[in-house]
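Chains as they are written, first to last, in our numbering: chain A, 13 to 92; chain B, 13 to 92.
A hint or two may mislead.
It does not matter which identical chain is meant; a pair holds if it fits inside one copy or across any two.
Listed below are the simulated SDA-like cross-link pairs for lysine to any residue, each with C-alpha atoms no more than 20 angstroms apart in a straight line [as the list claims (entries may be wrong)]:
no. : residue 1 : residue 2
1   : Lys76     : Gly47
2   : Lys22     : Glu65
3   : Lys52     : Leu90
4   : Lys63     : Lys91
5   : Lys52     : Met26
6   : Lys46     : Met26
7   : Lys44     : Val82
8   : Lys46     : Leu90
9   : Lys52     : Lys91
10  : Lys44     : Gly30
11  : Lys63     : Arg87
12  : Lys23     : Arg87
13  : Lys52     : Glu31
14  : Lys52     : Ser62
15  : Lys76     : Arg55
16  : Lys43     : Glu31
17  : Lys44     : Glu65
18  : Lys23     : Tyr86
19  : Lys43     : Ile14
20  : Lys44     : Met13
21  : Lys91     : Glu64
No lab work stands behind these hints: they were computed from the structure.
Number of protein chains: 2
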Amino acid sequence: MIAEVFIELKKGVMDAEGEAVKKALRLLGFKKVKGVSSVKVYRIEIDTNSKEEAEREVREMCEKLLANPVIQNYRIVLKE
Amino acid sequence: MIAEVFIELKKGVMDAEGEAVKKALRLLGFKKVKGVSSVKVYRIEIDTNSKEEAEREVREMCEKLLANPVIQNYRIVLKE
Numbered sequence: 013m014i015a016e017v018f019i020e021l022k023k024g025v026m027d028a029e030g031e032a033v034k035k036a037l038r039l040l041g042f043k044k045v046k047g048v049s050s051v052k053v054y055r056i057e058i059d060t061n062s063k064e065e066a067e068r069e070v071r072e073m074c075e076k077l078l079a080n081p082v083i084q085n086y087r088i089v090l091k092e
Numbered sequence: 013m014i015a016e017v018f019i020e021l022k023k024g025v026m027d028a029e030g031e032a033v034k035k036a037l038r039l040l041g042f043k044k045v046k047g048v049s050s051v052k053v054y055r056i057e058i059d060t061n062s063k064e065e066a067e068r069e070v071r072e073m074c075e076k077l078l079a080n081p082v083i084q085n086y087r088i089v090l091k092e
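Chain A with its partners taken away, still in its complex shape:
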């Protein structure tokens, strides 16, 4: 099974990368860009057929390694 983990900054946390990209795009002439935010995605292949098991494992991975719960939110999307 494939799990996709979307990790993004919580509201109110400064997104330095997004800001830098926005500035660069506007310098390049893309004046219609109003905002940019950056999201990190990990696509994880797990050796199980159980959605419940996959979700439980991936949630634990997020809490132990992938996400920083102080400043980031995560969302898990499971695919067959």
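Given the coordinates of chain A, assemble chain B onto it according to the supplied hints.
Frame of chain A; chain B shown alone:
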């Protein structure tokens, strides 16, 4: 309009970050992890109501700044 740009490495290009995450997860005891790949997403807010214009602008942004066409593929998803 919001455009999400998904940028990932082409097949055959070494994904150092994904490999590092995979190793770390396995060291933490997640033995069922078979592979990890990393994807970068930029969520771009554009001041237009035209899907065609948004798509054209974002494609140009990818080609000029966001993606490296030698090693990366990108995919654009438009949202109202």
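Verification of the supplied hints:
Proximity of Lys76 and Gly47 under a CA criterion of 20 angstroms is satisfied inter-copy only: 18 angstroms between copies versus 31 angstroms inside one chain copy. Within a single copy, Lys22 and Glu65 get their C-alpha atoms no closer than 27 angstroms, and across copies no closer than 30 angstroms, so neither meets the 20 angstroms cut-off. In this assembly of identical chains, Lys52 and Leu90 lie within 20 angstroms of each other by CA distance both inside one copy and across copies; the values are 16 angstroms within and 18 angstroms between. For the homomeric pair Lys63 and Lys91, the shortest alpha-carbon distance inside one copy (9 angstroms) is at most 20 angstroms, but the shortest distance between copies (28 angstroms) is not.
Proximity of Lys52 to Met26 under the C-alpha cut-off of 20 angstroms is found in both arrangements, the shortest distances being 15 angstroms within a copy and 18 angstroms between copies. Taking CA atoms no more than 20 angstroms apart as the test, Lys46 paired with Met26 passes inside one copy only; the shortest distance there is 16 angstroms, against 34 angstroms between copies. Taking identical chains as interchangeable, the C-alpha atoms of Lys44 and Val82 are never at most 20 angstroms apart, the minima being 32 angstroms within one chain and 27 angstroms between chains. Taking the closest pair of Cα atoms, Lys46 and Leu90 come within 20 angstroms of each other only across two copies (15 angstroms); inside a single copy the shortest separation is 31 angstroms, beyond that limit.
Both within a single protomer and between protomers do Lys52 and Lys91 lie at most 20 angstroms apart by alpha-carbon distance, with minima of 18 angstroms and 19 angstroms respectively. Taking CA atoms no more than 20 angstroms apart as the test, Lys44 paired with Gly30 passes inside one copy only; the shortest distance there is 15 angstroms, against 33 angstroms between copies. For the identical chains of this complex, Lys63 and Arg87 are intra-copy neighbours only, at 15 angstroms inside a copy versus 27 angstroms across copies, given an alpha-carbon limit of 20 angstroms. In the homo-oligomer, the alpha carbons of Lys23 and Arg87 lie at most 20 angstroms apart inside one protomer (15 angstroms), although the nearest pairing across protomers, at 25 angstroms, exceeds that limit.
In this assembly of identical chains, the alpha carbons of Lys52 and Glu31 lie at most 20 angstroms apart whether taken from the same copy (15 angstroms) or from different copies (15 angstroms). Taking the shortest Cα distances, Lys52 and Ser62 never come within 20 angstroms of each other, neither inside one copy (25 angstroms) nor across copies (27 angstroms). In this assembly of identical chains, Lys76 and Arg55 lie within 20 angstroms of each other by CA distance solely inside one copy; the values are 17 angstroms within and 26 angstroms between copies. In this assembly of identical chains, Lys43 and Glu31 lie within 20 angstroms of each other by CA distance solely inside one copy; the values are 14 angstroms within and 37 angstroms between copies.
In this assembly of identical chains, the alpha carbons of Lys44 and Glu65 lie at most 20 angstroms apart only when taken from different copies (11 angstroms versus 44 angstroms within one copy). Within a single copy, Lys23 and Tyr86 get their C-alpha atoms as close as 13 angstroms, which meets the 20 angstroms cut-off; across copies the closest is 26 angstroms, which misses it. Taking the closest pair of Cα atoms, Lys43 and Ile14 come within 20 angstroms of each other only across two copies (15 angstroms); inside a single copy the shortest separation is 38 angstroms, beyond that limit. In this assembly of identical chains, Lys44 and Met13 lie within 20 angstroms of each other by CA distance solely across copies; the values are 10 angstroms between and 40 angstroms within a copy.
With identical chains, the CA atoms of Lys91 and Glu64 are at most 20 angstroms apart within one copy only, with a shortest distance of 12 angstroms there and 30 angstroms across copies.
This entry does not satisfy hints 2, 7, 14, going by the numbered hints stated previously.
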